[in-house]
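Colleague: One line per chain: the protein sequences are A and B, in this order. Every letter in the first sequence is one number past the one before it in numbering that gives the first Met the number 0, and letter 301, counting from 1, is 300. Every letter in the second sequence is one number past the one before it in numbering that gives the first Met the number 0, and letter 126, counting from 1, is 125.
Source of the hints: derived by calculation from the structure; they are not laboratory data. Heads up, some of the hints might be wrong.
[As the list claims (entries may be wrong)] Incomplete in silico selection of chain A near chain B, CB under 10 Å:
hint, residue
1, D56
2, V224
3, Y226
4, V289
5, I336
6, A338
Virtual Cβ for every residue (Gly too), placed ideally from N, Cα, C.
Residues per chain are reported as follows:
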Amino acid sequence: MKKIPSLSIAGTFLLLLLLTIVACGPEEPANPGPIDEPDDLLEFTYDPENYELDYPDYLGQIEIPEDNPMTVQGIELGRRLFFDPILSADSTMSCSSCHNPVQSFTDGLATSPGIDGNLGSRSAMSLVNIAFVNNGLNWNGSLQTLEEQALEPVTNEVELHETWPNVIGKLQQHPTYPQFFREAFGIADRNEITKELAAKAIAQFERTLISYNSKYDQIRFGSGVFYEEDEINGRDLFFFELATGLDHPGCSHCHGGVQFSEPSFFNNGITEAATFADFPDKGRGEVTGVPSDNGLFRPPSLRNIALTAPYMHDGRFATLEEVLDHYKSGGHPSPNISANIQPFTLSDEDRDNLIAFLHTLTDTSFINNPAFQSPF
Amino acid sequence: MKYFTLILLSSCLFLIGCEDEPKEQPVTSLDLTWTANYDGETFLTFKEYTYADGRKIQFNNLNFFVSDISLISADASAARTELVEIDYVDLAFDETQISSAEAGKTVRIQDLPLGEYAGIKIGFGVQADLNRSKPTDYGSGHPLTRNFWDGWSSYIFSIIEGAADMDNDGNIVTGGEDTETFTYHSGTDEVYNEVIINQEIILTDNTAPLNLKINVAELFRNSSDEFDTNGDGYLDIETFRGTHSANGEMTIAKTIMNNFSTAVTVE
Numbered sequence: 000m001k002k003i004p005s006l007s008i009a010g011t012f013l014l015l016l017l018l019t020i021v022a023c024g025p026e027e028p029a030n031p032g033p034i035d036e037p038d039d040l041l042e043f044t045y046d047p048e049n050y051e052l053d054y055p056d057y058l059g060q061i062e063i064p065e066d067n068p069m070t071v072q073g074i075e076l077g078r079r080l081f082f083d084p085i086l087s088a089d090s091t092m093s094c095s096s097c098h099n100p101v102q103s104f105t106d107g108l109a110t111s112p113g114i115d116g117n118l119g120s121r122s123a124m125s126l127v128n129i130a131f132v133n134n135g136l137n138w139n140g141s142l143q144t145l146e147e148q149a150l151e152p153v154t155n156e157v158e159l160h161e162t163w164p165n166v167i168g169k170l171q172q173h174p175t176y177p178q179f180f181r182e183a184f185g186i187a188d189r190n191e192i193t194k195e196l197a198a199k200a201i202a203q204f205e206r207t208l209i210s211y212n213s214k215y216d217q218i219r220f221g222s223g224v225f226y227e228e229d230e231i232n233g234r235d236l237f238f239f240e241l242a243t244g245l246d247h248p249g250c251s252h253c254h255g256g257v258q259f260s261e262p263s264f265f266n267n268g269i270t271e272a273a274t275f276a277d278f279p280d281k282g283r284g285e286v287t288g289v290p291s292d293n294g295l296f297r298p299p300s301l302r303n304i305a306l307t308a309p310y311m312h313d314g315r316f317a318t319l320e321e322v323l324d325h326y327k328s329g330g331h332p333s334p335n336i337s338a339n340i341q342p343f344t345l346s347d348e349d350r351d352n353l354i355a356f357l358h359t360l361t362d363t364s365f366i367n368n369p370a371f372q373s374p375f
Numbered sequence: 000m001k002y003f004t005l006i007l008l009s010s011c012l013f014l015i016g017c018e019d020e021p022k023e024q025p026v027t028s029l030d031l032t033w034t035a036n037y038d039g040e041t042f043l044t045f046k047e048y049t050y051a052d053g054r055k056i057q058f059n060n061l062n063f064f065v066s067d068i069s070l071i072s073a074d075a076s077a078a079r080t081e082l083v084e085i086d087y088v089d090l091a092f093d094e095t096q097i098s099s100a101e102a103g104k105t106v107r108i109q110d111l112p113l114g115e116y117a118g119i120k121i122g123f124g125v126q127a128d129l130n131r132s133k134p135t136d137y138g139s140g141h142p143l144t145r146n147f148w149d150g151w152s153s154y155i156f157s158i159i160e161g162a163a164d165m166d167n168d169g170n171i172v173t174g175g176e177d178t179e180t181f182t183y184h185s186g187t188d189e190v191y192n193e194v195i196i197n198q199e200i201i202l203t204d205n206t207a208p209l210n211l212k213i214n215v216a217e218l219f220r221n222s223s224d225e226f227d228t229n230g231d232g233y234l235d236i237e238t239f240r241g242t243h244s245a246n247g248e249m250t251i252a253k254t255i256m257n258n259f260s261t262a263v264t265v266e
């Protein structure tokens, strides 16, 4: 049996000191109480620089709230907050844990675990071109603005499971965040940091997450890029309904336009339900309280769809092939299934062509954009 | 006396000057209210009605665009006063929303000149110049931010979706390989339809709402040998379960849009 070596007094002291430092972490404030240092940030310059979003007109219009204009400093603060686990109770998860740039700001999971390991009920939605969504965010359209949405995950028990007072305390005592808040919003002292300002900054960053350099976009630009034959066939299957009757995919009913979405909510037939009350996830009905809205969900943008598996609000389909097989079957019976979900003929070749077209929506310059990566 | 004459002259000039100022024309507001019914019954989604051929039918969507709604002057000029350039009318309410269904969709038009009008013109669909635009041309809340068809470069002027007891077994199946759903999507300039309803409309300080009522059953009227196979004067929905305004189905789309002319009544 080996003898455990005893520690000297000096050694014990050093070990305790080391443990204390490790336990606290380099930027982890312990006490979130108010700080009695009025106007302590005035030494930092407040000179915000306007930021103009740069994107092609054909993508549509982004509405910037009057009380949250885009600035370089606001976006940078938002990016830091987005990637910083300081927003979670145990400093293990950030917004980017479920919205990872590599996966077009999703997490590759059917449903996402929060800091306690508990799974949420829905799959993390991609944030690609989220600024163009104006009919309600989340799968059920429960929140109207990015500013409102940014507040929610922090306090959600199956997500970051923190309280905003705690977060504000941590930010106020942080070595650098007070300066960033000053530069972004002009606050005079760190006690003016609020959850609303944090949410505004995150929203500013999220509005910059614009994709417009996929092959589909390059072809729209007329930049000398052309579809392959299989992609053309896939595009026509996606957009056109030339077959007489209803024997066609009809994808663009719910995924139309340049955002490949539609400002409505649909039941796409993935859940069998005998009555409106039988949907395990009420979806839109949870928001409106209207029974026939149960089981309806927002059609996500298909931009970068090849990067955002698994699919559907509960991540039940692992591949695009499974998705198309579902649609061609006509879906599962339910009282309010969209009438556009009809069984249709789709050969293996046509299925491959459709998927080839969907791959033209992949924008690797978006996911690799340095401005969208973690600053840490 | 000299001063008195001057004051009198100045006053007259002042009064004459005042008389030359234009009078403000009295104006009022008018509420246009859209409601839907099925042969007189309040139209509700997911409620079963009886189709012309006796089978059960239910709906889950009814929406359409209206363009260039204007009042036609009663004087000889027949001048038009535009009320609405474009609007999107969604009349899908389920049985828990009866009051909403009965209230319908209302748009208030302000600052209309008082007077008598000989009728109202309504364009069903999106008029050609607006149909050249796309949803991305508009900000949120604009009627034309939805229901655009890339394949056709056109808005979908009307959407009527639902299901019917196609096999007459007493049940309506929605979803799966035996689904009995239908989708009638009408669009493109070719199917745009303007209707003039000659009806005296008097705008006063306190004008009652103008109620525009759509009888959904009438939208299915069809007397062609090809599409009314059983000769009852209505579309054979069992055989023709949909239109996307393409190929031979364009005729169905056009007929539906034309039917808005007779399906609408003004009260």
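Colleague: Output the indices of the hints that this structure fails to meet, ascending.
Modeller: As far as the earlier hints go, 2, 3 are violated by this structure, in ascending order.
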